[in-house]
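Q: Residue numbers (UniProt numbering), protein chains in the order written: chain A, 1 to 513; chain B, 1 to 513.
These are computed hints drawn from the structure, not numbers from a lab. Please note: incorrect hints may appear among the correct ones.
Note: identical chains are not told apart, hence a pair may lie in one copy or across any two.
[To be verified] EDC-like, lysine to aspartate or glutamate: derived pairs with alpha carbons at most 16 Å apart:
1. 198 with 227
2. 272 with 108
3. 472 with 483
4. 283 with 254
Protein chains: 2
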Amino acid sequence: MNGAKSLVNSLLQSGVDTCFANPGTSEMHFVAALDQVPGMRCVLGLQENIVTGMADGYFRIARKPAATLLHCGPGLANGMANLHNARRARSGIVNIVGDQATYHRPFDAPLTADTDAMARTVSSWVRTSTRAQDVGGDAAAAVQAANAFPGQVATLILPSDASWNEGGAVAAALPAIGPAPLDPHAVDNAARVLRGGKNALILLAGRGVLGASQALAWRVAQACGADIRADYVTAHVARGRGTLQLERVPYGTDQAIAALARYDHIILVCAKPPVGFFAYPGKPSTQYPAHAQLHVLARPDQDPEAALLALAESLGAPEAPLPDPGPRPEAASGAPTPEGLARTLAALMPEQAIVSDESISYGRGFYPHTHAAPMHDWLHLAGGAIGDGMPVATGAALGAGGKRRVINLQADGSAMYSLQSLWTQGRERLPVTTIILNNRKYNILIGEYQGVGATPGPTAMSMLDLGNPDLKWVSIADGMGVEAARATTMEQCADLMARSFRTDGPFLIELMI
Amino acid sequence: MNGAKSLVNSLLQSGVDTCFANPGTSEMHFVAALDQVPGMRCVLGLQENIVTGMADGYFRIARKPAATLLHCGPGLANGMANLHNARRARSGIVNIVGDQATYHRPFDAPLTADTDAMARTVSSWVRTSTRAQDVGGDAAAAVQAANAFPGQVATLILPSDASWNEGGAVAAALPAIGPAPLDPHAVDNAARVLRGGKNALILLAGRGVLGASQALAWRVAQACGADIRADYVTAHVARGRGTLQLERVPYGTDQAIAALARYDHIILVCAKPPVGFFAYPGKPSTQYPAHAQLHVLARPDQDPEAALLALAESLGAPEAPLPDPGPRPEAASGAPTPEGLARTLAALMPEQAIVSDESISYGRGFYPHTHAAPMHDWLHLAGGAIGDGMPVATGAALGAGGKRRVINLQADGSAMYSLQSLWTQGRERLPVTTIILNNRKYNILIGEYQGVGATPGPTAMSMLDLGNPDLKWVSIADGMGVEAARATTMEQCADLMARSFRTDGPFLIELMI
Chain A
1 MNGAKSLVNS LLQSGVDTCF ANPGTSEMHF VAALDQVPGM RCVLGLQENI VTGMADGYFR
61 IARKPAATLL HCGPGLANGM ANLHNARRAR SGIVNIVGDQ ATYHRPFDAP LTADTDAMAR
121 TVSSWVRTST RAQDVGGDAA AAVQAANAFP GQVATLILPS DASWNEGGAV AAALPAIGPA
181 PLDPHAVDNA ARVLRGGKNA LILLAGRGVL GASQALAWRV AQACGADIRA DYVTAHVARG
241 RGTLQLERVP YGTDQAIAAL ARYDHIILVC AKPPVGFFAY PGKPSTQYPA HAQLHVLARP
301 DQDPEAALLA LAESLGAPEA PLPDPGPRPE AASGAPTPEG LARTLAALMP EQAIVSDESI
361 SYGRGFYPHT HAAPMHDWLH LAGGAIGDGM PVATGAALGA GGKRRVINLQ ADGSAMYSLQ
421 SLWTQGRERL PVTTIILNNR KYNILIGEYQ GVGATPGPTA MSMLDLGNPD LKWVSIADGM
481 GVEAARATTM EQCADLMARS FRTDGPFLIE LMI
Chain B
1 MNGAKSLVNS LLQSGVDTCF ANPGTSEMHF VAALDQVPGM RCVLGLQENI VTGMADGYFR
61 IARKPAATLL HCGPGLANGM ANLHNARRAR SGIVNIVGDQ ATYHRPFDAP LTADTDAMAR
121 TVSSWVRTST RAQDVGGDAA AAVQAANAFP GQVATLILPS DASWNEGGAV AAALPAIGPA
181 PLDPHAVDNA ARVLRGGKNA LILLAGRGVL GASQALAWRV AQACGADIRA DYVTAHVARG
241 RGTLQLERVP YGTDQAIAAL ARYDHIILVC AKPPVGFFAY PGKPSTQYPA HAQLHVLARP
301 DQDPEAALLA LAESLGAPEA PLPDPGPRPE AASGAPTPEG LARTLAALMP EQAIVSDESI
361 SYGRGFYPHT HAAPMHDWLH LAGGAIGDGM PVATGAALGA GGKRRVINLQ ADGSAMYSLQ
421 SLWTQGRERL PVTTIILNNR KYNILIGEYQ GVGATPGPTA MSMLDLGNPD LKWVSIADGM
481 GVEAARATTM EQCADLMARS FRTDGPFLIE LMI
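One chain only, chain A, in its complex shape (with noise of 0.2 Å):
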């Protein structure tokens, strides 16, 4: 067999069913042998921004990777701000670019570029199949690397030659690579700060903001008095009801200085440090005190489960049920808010749901509001690459079968990074309700630009501004073949966000705010 045949044997043997691609000439084997072996989805997004995203989305909910399918080093190029996004995010994605042959390499036709160099910005493993022989094997590897814990984005490499060549073999999957030890030191350590009483913060990120540790969490904080925040940069947090009803640390860095401010030791469960999204004039980088003490009970490859258990257990501490979150709120009326923006969310959403959130600036109240919704995974941008709020809800929808709401809720300014993703929602019938969050600007940069000390300027504006001429959301999802309607008041959009989710495909609401 070809090493194409050999890729799509090997990639099946480790367990890797679903393909989302955007093919070229390079990779005409490889598409080829998806024709010839049954067994693999593979599902087109029309860039590739839209085709690595869904992989990140994907992965977040099946907590299995998907392959990707890009073409040489510009289609990797298209498709890197949400492999940076899915870097950040920990989630595994087999990454398979096409390439030049080897041989054709030299000659530096149009499309060759540095795929290898590229590749190493946003992976955390890269490997080149020069051989025919060697991309069964490769692709085991490849399979291994993303799934090692939490998870990762492998690049496999393909030149063209090693796909069409004879010679592949197809490879058995390799081992798992599991969470990493745990450090028992790091279990006494903290048992130890938290007994002694101090202002103690519990910070939780990566997979320690998923339901099991949230409990865990909630066990040890209640026996000794210490906080719980889930880390600002988190991809993906389980909540509603059954859930702890957790806050992150605020966005804004005067507002995390001072959530941060009383704490005389932050241990952190797979959370880095908390830092500023950016720097700011005369500010600090780092939001904790400086007398506060840092203590790592799990890294993000170590498994934050264990470590709060074998903390819980070192604590004495005992059963602690969690909090109710009150009476589910009602749909709201009248003009959309934020706050009724969630009410309403939480009022309606399925059992289940999956929350996509690329909401920006006008989603940072959701949170109290909606922890009495019914369960559900609220999934954020962790790489701060504006863009992935559509294929990620587009991806997660495909990682739950089909079978989940996926709702997403998106700014308009990012929306039109990745606005492609409508069409595979079409193509594929997928169970996603996106409600875009009109305001025609980049509210976020009006606020940052205001931080520099000065009220936007013409000039200014037209950079930060989306109106004129005003995005018409329903014609463009319409022109992607999604059903989509605008609404101007609370009412109108609890009436569209039910009708969406008694039916099975995609729908848009444009919610003019």
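Add chain B to chain A, keeping to what the hints say.
A: What follows is chain B alone, placed relative to chain A:
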């Protein structure tokens, strides 16, 4: 003044007065400086590949670089595919990438990435300004590098503290870096070869396919019986009445080999030795016959006009009037065909039009039917990374000061890579007529797949077919503020073209092919 103000002032001093931008938080001081320093035209693109593609199109027509403004490594990544294309087109761009403050970078905040490594994959010149004192001088050096003959991508990375700190100083323009000196031996050698009377081809690329070089090449060829072709990979060809009826080396490997088979000598004028866009099993990488001798008359960084003039004089070649292209075609009727579209274009295009051609497979035969059109400039995708047609058209319209009609012949699949360009066309009211060639598939890839030796099965077609759902370009354009209409016959297409050419702003024709 702060670094940002010194940057804007220094760019203006060096003649850069247009900035294509998609800024973020780390660029807010630069945005503020743009507000405070008059003279810079700022044009917003809603995704970075639009920004970089516009800068490429601007340079090709204005023949001077614009600046870009991108946000951190991921923003650069989003714009890298069109920077790759610009690098291949040898377009001058001052590519400014804002980044984390120097002292904030070690904290590895979410948007932190290896911006320098990314930039090096697409730039000929990269520098990071780490101090406000250096920013002005670095800006002048970046413009000098971008302008170095014939043009290149110069990336200036600007950490936010270098932007906001005081101590900036305005730098004067640096001397231009003109063409490298001609090699008199290269001229003598080419003259010797051409006097020998063997089968010789003069192969033009780069600046060598502009008007004056064409006339000189014709004069040489007429004196010696040589043939002339343009390289397939050519960013910008002067075409229409008053220019040479050039044909390019064909795209297809077999056709290219056939077209070049008869030549014993190939004289390269800013052209590389012809090689395939891709390798194919059992076919050679090079497209010229093994016995052919290649002779470099002018490298891309040398002046082709001067080299061809020296050659003509060395040969004593008399002035030779260019052949008449015959009568201007009439607009076609009936069902759309490539020939019909080309003839209609030739019949209707205004004087001094600019064609941005990303028609891919549909447009391979456009040239013969447009030789007798009024004089125009024809811009091609030079780097093979699809998605340059629409932003290049947008930037070209700005590069021409809005005074020339731009006609974008645009394949549908490629259009989906950079459809956000329409919004900028709408905002700036640019005279761009987009003709979407809607065949609802990646037609080039279906051909490439068949080259693998098989008919695409359902899995393969799911990755090559753009139907289901059908893209509705009239709706998409309407959603972005560009007037649009659908044409199913050449008569309708001609009517819409004529109507669009009479008005000032953008228009989109969705041609069902």
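Q: Hint by hint, note whether the structure agrees.
A: Hint-by-hint comparison with the structure:
{"no.": "1", "hint": "198 with 227", "result": "within (11 Å within a copy, 86 Å between copies)"}
{"no.": "2", "hint": "272 with 108", "result": "between (42 Å within a copy, 10 Å between copies)"}
{"no.": "3", "hint": "472 with 483", "result": "both (13 Å within a copy, 13 Å between copies)"}
{"no.": "4", "hint": "283 with 254", "result": "within (8 Å within a copy, 63 Å between copies)"}
The structure is consistent with each of the numbered hints, conforming to all of them.
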